[in-house]
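Peer 1: Protein chains in written order, with this note's numbering: chain A, 1 to 359; chain B, 1001 to 1305.
Hints listed in this document are in silico derivations from the structure and should not be mistaken for laboratory results. In this text the structure is predicted, and so the values were computed from the model without any measurement. Cβ atoms here follow ideal geometry from the backbone N, Cα and C, with glycine treated the same way. It is possible that part of the hints are untrue.
[Unchecked claim] The calculated lysine-lysine pairs, modelled on BS3-like cross-linking and capped at a C-alpha distance of 30 Å, are:
#, chain 1, residue 1, chain 2, residue 2
1, B, K1066, B, K1133
2, A, K281, A, K210
3, A, K104, A, K282
4, A, K104, B, K1280
5, B, K1205, A, K290
6, B, K1187, A, K110
7, B, K1066, A, K290
8, B, K1280, A, K290
9, A, K110, B, K1205
10, B, K1280, A, K110
11, B, K1130, B, K1066
12, A, K240, B, K1280
13, B, K1242, A, K240
[To be verified] Each pair of labels, with its calculated beta carbon distance range:
#, chain 1, residue 1, chain 2, residue 2, range
14, B, P1094, A, R62, 48 to 54 Å
15, B, D1050, A, I267, 44 to 50 Å
16, A, R230, B, R1198, 49 to 55 Å
17, A, R62, B, S1276, 48 to 54 Å
18, A, P92, B, A1008, 54 to 60 Å
19, A, L244, B, E1260, 33 to 39 Å
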Amino acid sequence: MLHLNVMNELLYDLVLDGLPGVRIDAMLGDSIFFLVLNQPRDVRRLRSATIEIARCTTRKDRRRGILVLQDPLISLARLQTEWEGLESVLRPDLFSRLSMVVQKKGLLQKLFGDVPPEAFDHIETVIDHSRMSSSGAQKRSSDAFSDILRVLLIHWFRKSSPVTSKDLGHETGYSYPSTAETLEKLEPWLIRFSDRRVALQSFPQEAWFKLIAQSEEVRSTQGFAVSSGRPRPTEMLVEKLQELRRSDIAIGGTPGARHYFPGIDLIGNPRMDIVIESRSKKDVPVILRKLDPGLHPVERGELPQVVIHTLYRPVSFFQSDDSERFWADEVECLLDLHESRLEFQAIEFQTFLKDRARA
Amino acid sequence: MSTITPFAVLKAVADAVPKDCHPNIVIIGSLAAGYHFFRQDTSKAVRTKDVDCVLEPFHAAVGTGKNLAARLLEAGWTQQAGGSGNAPGTTATPVDQLPVVRLYPPGVEQNSELAWFIELLTVPESNAVKGKKWTRLELQTGHFGLPTFRFLSVTAHEPLPVGNLGIRYAQPMKMALANLLEHPRIKADRMSSPFAGRSIKRSNKDLGRVLAMTILADLDDYRPWADAWQSALQECFREEWKTIAQNTGSGLRALLSSDEDLEQAWYTCANGLLASQPPKLDELKTAGERLLGDAVERLESVAQA
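So here's chain A without its partners, still in its complex pose:
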């Protein structure tokens, strides 16, 4: 066990002296302990974790234990019941030093007990660390094939010059072997030039269908809605996003499709799609609060009013207009239409983009 007097330093993955078998995810200073459960679905695991974190706090009065539930698959009502159950079996002085934080899709959803104020700022960091530890590395939801395909499509739709594998690597963030492997899979739709540059020569329909099927996963799609009350009009949300004047966030969805194809047969905007660069993902709660403080992550089956997609590649291909609005690329907007189940409009937009590419 390390002995530290640094109050605000976080240490990770610790085993405490005298508590064999109890591993904690992080310790802040020498008195606040974090244990993170990622997507817990099992109440028994929840109960054992609460006992583990409680044991950490037994040895000194000023110790506090925080159990963090990341995207739990257990309902809030059930969590409430479990929390009340814990209260009934623990000594009051011990129970008062425990808290449970429920986070869903990056947003704080519920607090049980009192979280020490100094611990609040570190919860996100602890969750990130835990997630990385559990997966071995920072796993991006995206994959080389879908990312490289999307970039090739953007170039094709925009009639850009052919690109080298090195260019693609720079734009997508993938190594040469990954890029080469993807290009090999896309060979039937590629045209290769003598200077090693490549470009799409036609629309890769089969690969596109595969991408549509995985769209939500590869773009880490997160939906948000106002649980009760009147939703704010999408147009107003677009205006508010614009006011943020951020080049790392772009408007997609139906406004985006309309930006590229004003003649699209579409009235109104059923939802707002936002594309955000992965480095800015931590700002999602702040951005949502600016748009509509009433927004919360959607529950299963609930229709989202705002949808956020994460872009993992280094080059965003966002376009800005005279009003300093940033627009997601054509492929993102097209995928948004599919995700919104606006199939007719998606086909119409796709046809427009293909015709433009071939013209």
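Add chain B to chain A, keeping to what the hints say.
Peer 2: Only chain B this time, still in chain A's reference frame:
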């Protein structure tokens, strides 16, 4: 509580009081909010028993109060009866123990569920006034008190006309600000009488009204409220406005984070201003989060800059 139609009551008040008092009267509270939001819909009523009349400016309050009360009493209005607290005082009565002027219209049975009365208040004498203060009002029937609260001046900031009746009413957003400032935390004290049969913390009732007005305003964006609030605070509190503004949202945050207090606030809304269309508890919470995010935090950040 009485269920009353805002315009009808305001007209009765305006008709009864001398015309030269009209410019000094600002109606506040649920009746003012009800008039603002429901005046186009005569089917909507407000559940209240008191018609709060703020007399302003302060230097005219005593004169207006005397004139107004004398005229109403002559016309058959009656001072609230019952209880030693309602009996008029004398020159010997300390000012903070004087009864409030509460006058019922002629012929009204005061104990009736349908009865309503007007209550006289005044704006603070200066922006240095803190807490609740009293001003002596000597009427022919005895001594009364005009109460004021520190933030009543905010409610009387740029009031709106009640049609062509000559009297004015407080803007709901200004009343919301006054309530937010008046309750920087959820205080333990409860309303003097049960609210729709329940004992309710005054903070929850007043902050609940803030949420009710937020819902009734039904805006896509509450940022304009922050701008209007800033103007009002700058005008009412001069150099002190920033210190005051920095604390605008603390009570509302406390309300939204307490299920028990929020439920009480919801109960007052569902049995008060929002009785015609009671909201869900979640809806009330959403309204609070929107007000905090759009307006309160905007004001607080400007004040902290």
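Peer 1: State for each hint whether it applies.
Peer 2: Outcome of the hint check:
1. B:K1066 / B:K1133: Holds, because 18 Å separates the two Cα atoms, which is no more than 30 Å.
2. A:K281 / A:K210: holds, 26 Å
3. A:K104 / A:K282: holds, 13 Å
4. A:K104 / B:K1280: holds, 23 Å
5. B:K1205 / A:K290: holds, 28 Å
6. B:K1187 / A:K110: Within the cut-off at roughly 24 Å; holds.
7. B:K1066 / A:K290: violated, 50 Å
8. B:K1280 / A:K290: This hinted pair holds, its Cα atoms lying about 24 Å apart.
9. A:K110 / B:K1205: Satisfied, since the Cα-Cα distance of roughly 25 Å is no more than 30 Å.
10. B:K1280 / A:K110: holds, 19 Å
11. B:K1130 / B:K1066: holds, 25 Å
12. A:K240 / B:K1280: holds, 27 Å
13. B:K1242 / A:K240: Measuring from Cα to Cα gives roughly 26 Å; hence the hint holds.
14. B:P1094 / A:R62: 48 to 54 Å: Hint holds: Cβ distance 49 Å, inside 48 to 54 Å.
15. B:D1050 / A:I267: 44 to 50 Å: holds, 49 Å
16. A:R230 / B:R1198: 49 to 55 Å: violated, 28 Å
17. A:R62 / B:S1276: 48 to 54 Å: Between R62 (chain A) and S1276 (chain B), where Cβ atoms are some 52 Å apart, the hint holds.
18. A:P92 / B:A1008: 54 to 60 Å: holds, 56 Å
19. A:L244 / B:E1260: 33 to 39 Å: holds, 36 Å
The structure does not agree with the numbered hints 7, 16 stated previously, though it agrees with the rest.
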